[in-house]
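Peer 1: What follows is the residue order along each chain.
2 protein chains.
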Amino acid sequence: MKAVGIVVEYNPFHNGHHFQVTKARQITNADVVIAVMSASFLQRGEPAIVSKWFRTQMALACGVDIVIELPYIYSTQKAETFANGAISLLAEMGVNFINFGSESGNIQDFEHLLTFMRQNKVAFDRHVKENMKLGYSYPRATSTAFTQLNPDCDTLSLTEPNNILGFHYMKAIQDQGYSIQATTTLRRQAHYHDQQISEGSIASATSIRQAIQNGELSEIKHVMPTESYQLLKSYKQTYSLLHTWQDYYDLLQYKVLSTPVTHLRMIYECEEGLEYRVKNVSKRATSFSDWMQQLKTKRYTWTRLQRLATHILTNTTKLEMKEALSQQTPEYIRLLGMNTLGQAYLNQSKKNRSVPLITKPAKAKGITAFLEERATNIYLSPLSSEVRRKEMSEQFSRHPIIAH
Amino acid sequence: MKAVGIVVEYNPFHNGHHFQVTKARQITNADVVIAVMSASFLQRGEPAIVSKWFRTQMALACGVDIVIELPYIYSTQKAETFANGAISLLAEMGVNFINFGSESGNIQDFEHLLTFMRQNKVAFDRHVKENMKLGYSYPRATSTAFTQLNPDCDTLSLTEPNNILGFHYMKAIQDQGYSIQATTTLRRQAHYHDQQISEGSIASATSIRQAIQNGELSEIKHVMPTESYQLLKSYKQTYSLLHTWQDYYDLLQYKVLSTPVTHLRMIYECEEGLEYRVKNVSKRATSFSDWMQQLKTKRYTWTRLQRLATHILTNTTKLEMKEALSQQTPEYIRLLGMNTLGQAYLNQSKKNRSVPLITKPAKAKGITAFLEERATNIYLSPLSSEVRRKEMSEQFSRHPIIAH
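Taken in sequence, the protein lines are chains A and B. Take 1 as the starting number for the first sequence in the UniProt record's numbering and just add one per residue. Take 1 as the starting number for the second sequence in the UniProt record's numbering and just add one per residue.
Hints should not be assumed to be uniformly reliable.
The list treats identical chains as one, so a pair stands whether inside a single copy or across any two.
[Said to hold, decoys possible] Pairs of lysine to any residue residues, derived as SDA-like cross-links and limited to a Cα-Cα distance of at most 25 Å, are as follows: (1) Lys279 - Asp250; (2) Lys283 - Thr317; (3) Lys390 - Leu380; (4) Lys365 - His112; (5) Lys283 - Val387; (6) Lys279 - Leu149; (7) Lys283 - Thr359; (8) Lys279 - Arg389; (9) Lys283 - Glu373; (10) Lys133 - Gln230; (11) Lys360 - Tyr276; (12) Lys283 - Met392.
Bear in mind the hints are in silico, worked out from the structure with no lab data behind them.
Start from the sequences, fold in the hints, and give me the full structure.
Peer 2: If you want it as structure tokens, here you go:
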């Protein structure tokens with residue numbers, strides 16, 4: 001059996017995702033689609049709208065055969081670290097292909113870019129360093145450096161978020177020497193950052209989350225598969241909320257106000273005196289968006305600061321993350337869900353796996369599992385105390401979801 | 001002008017307190033009554049029901065002339081440390097007398113006890129140590145040790161909370177060599193720990209807090225001075241709550257779940273592996289009282305564990321508290337309120353004070369002020385975000401209350 005791997009957040013699962021799953025299988029002619037899905041906190045430094053369990057159900061209902069967890073140590077990271085983690089997990093799962101969505105839709109464009117970047121690495125790094133000295137944010141420094149290299153016109157631009165991720169997936173495969181073939185699917189219609197829901201059946205995840213935040217669930221019904229939409233509604237009914245940063249703001253503020261700057265400084269991604277800025281802002285801000293707006297400077301992107309907020313909330317230190325990321329291979333693979341086809345694949349590929357496939361986190365040891373448990377408990381904090389207790393106690397014994 | 005000092009929490013101010021203020025002035029014939037009042041968190045390890053500002057107003061409306069702050073580093077401590085801090089602040093204020101309520105009402109009983117304890121110190125300490133080894137809580141170990149010394153029948157018992165405090169006030173005066181005369185007022189009717197509101201005009205603070213927790217404010221109207229009762233009602237109206245531990249439970253649980261045991265262990269009063277017990281209980285408990293009930297063992301008193309909870313909530317470490325308590329004299333005296341008479345006393349006694357009298361905390365430096373600011377910010381956490389912001393920003397510039 002052949003497998004194609006995809007890297008996903010499904011926050012929430014929409015028609016664009018469904019399109020990619022179908023295309024990934026079609027292009028590669030793979031038997032199974034394996035998604036590595038971010039657990040509780042996402043790359044933009046946000047809590048997932050619904051739990052990983054509900055998002056796993058969405059995925060299984062809409063064409064994915066196996067869902068494994070992208071743990072906290074990888075899910076809340078800049079593109080490079082995020083991609084390295086995701087690809088190493090997919091490689092351990094034995095995928096033959098990966099597939100990712102892109103504005104280009106042409107894999108040669110990415111191969112071209114990869115070669116170009118390899119040839120110009122020294123100059124590129126120098127430009128990035130110089131640009132950072134000018135006070136640019138890291139993404140701006142890199143995209144400017146890219147322009148400064150003056151690539152020929154048919155080289156893909158590194159300024160688009162999906163190009164950056166795609167580039168890093170392919171670079172990770174190359175750097176780690178995996179024999180995985182990369183493929184890409186042309187993204188349809190919606191642009192990643194679009195704020196408005198389109199009239200068509202495809203909308204950006206950003207516009208969908210915007211509608212959710214405004215409490216306008218019915219507005220997104222036509223851009224999501226029925227099963228996914230029902231699961232979203234059911235989560236809200238069961239847990240009385242869809243998770244947004246604002247649900248965690250009291251905890252974040254409390255955390256900052258109760259923590260001396262000498263300890264804030266030890267939090268992962270807290271650099272260059274940001275601890276003082278965070279401390280001052282936390283005394284004045286009255287909501288999470290207010291906090292972010294007051295914290296924002298041109299030196300840091302919104303996403304970078306949201307990731308910092310996430311690490312403060314989860315109390316993740318530089319030392320802990322250094323230890324976690326120093327592992328040569330993932331400490332374990334956590335299975336979140338599968339269908340019958342997925343189960344057959346797992347049985348067949350069993351002998352090739354060198355990393356333990358965990359079905360209950362109680363069996364996972366080590367720093368990855370330690371940080372994952374903490375992040376999960378904190379993710380559950382806004383739920384009512386009774387539900388929280390139940391969910392916390394179940395997280396150790398919960399079996400993967402099996403779809404038939 | 002002569003002054004009498006009293007040590008108070010006024011949580012809230014009731015008729016028993018009013019009786020003591022009147023008696024303290026009468027017995028000592030002092031011109032002014034100076035209260036050193038616990039700030040935000042109290043000796044039993046609880047948040048004060050209303051802010052120190054409202055409790056200062058209660059005090060000034062009911063016969064107290066000057067209110068100074070007993071900072072966090074002293075207010076949330078066992079009797080000995082609590083008494084040492086309070087007495088040293090009153091001594092710096094130049095009081096000639098102190099007065100405290102007791103079941104005995106006879107100061108000779110306390111002098112007797114003090115002499116007896118001095119003479120039997122070595123044997124007493126040995127008994128305490130042996131009793132602790134048997135797994136007794138510290139208060140039980142000391143009261144048993146006291147009985148083991150077999151004092152003659154007219155020696156006051158060290159098993160009553162008010163006797164213990166009175167004993168430690170007098171011991172602090174003696175140990176630190178202050179020339180302050182101790183006096184005591186016979187407590188009327190209510191016993192400290194009574195749970196039921198009595199029909200008379202005096203009720204215990206415990207029974208009053210119980211009624212408040214049950215939302216039955218009208219039940220305690222007859223046991224409080226009118227001004228104090230009005231202030232209590234007004235606080236609830238203005239801030240939409242009266243502070244109880246339950247209002248902080250989500251923060252406490254979050255704090256424990258986000259903190260590794262290696263750091264929990266560094267929290268003040270977290271001894272003998274309590275960090276593991278705290279960690280486990282926090283995953284299961286659904287309310288503060290549930291948390292406490294699950295945490296309780298015969299080794300520790302309820303009060304001792306509530307103080308631990310307070311230190312966890314405020315993130316106060318052993319190292320910080322060690323530094324704070326190593327100060328020879330208080331770092332500052334913070335004035336919370338006064339009337340005209342109090343003002344006259346402050347002017348007259350100015351030249352005798354060696355410790356700065358602070359009217360705004362922005363002027364206070366050092367570890368005491370640092371920990372006080374943190375505790376205050378956390379005390380304010382359950383208020384709505386807008387009110388919280390306002391109160392946090394005002395705490396640095398707020399002037400003492402002046403009553404006319």
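Peer 1: A separate judgement is required for each hint: does it hold in the structure or not?
Peer 2: Right, here's what the structure says about each hint:
1. Lys279 - Asp250: both (14 Å within a copy, 21 Å between copies)
2. Lys283 - Thr317: both (22 Å within a copy, 22 Å between copies)
3. Lys390 - Leu380: Within one copy only: 10 Å inside, 29 Å across.
4. Lys365 - His112: Answer is neither: 41 Å inside a copy and 61 Å across each miss the 25 Å cutoff.
5. Lys283 - Val387: between (31 Å within a copy, 12 Å between copies)
6. Lys279 - Leu149: neither (39 Å within a copy, 53 Å between copies)
7. Lys283 - Thr359: Cα proximity of Lys283 and Thr359: across copies only (21 Å, versus 43 Å in one copy).
8. Lys279 - Arg389: between (31 Å within a copy, 13 Å between copies)
9. Lys283 - Glu373: For Lys283 and Glu373, the Cα distance is within 25 Å only across copies (11 Å; inside one copy 29 Å).
10. Lys133 - Gln230: neither (49 Å within a copy, 60 Å between copies)
11. Lys360 - Tyr276: Result: close only across copies, 23 Å inter versus 40 Å intra.
12. Lys283 - Met392: Close across copies (7 Å), not inside one copy (31 Å); limit 25 Å.
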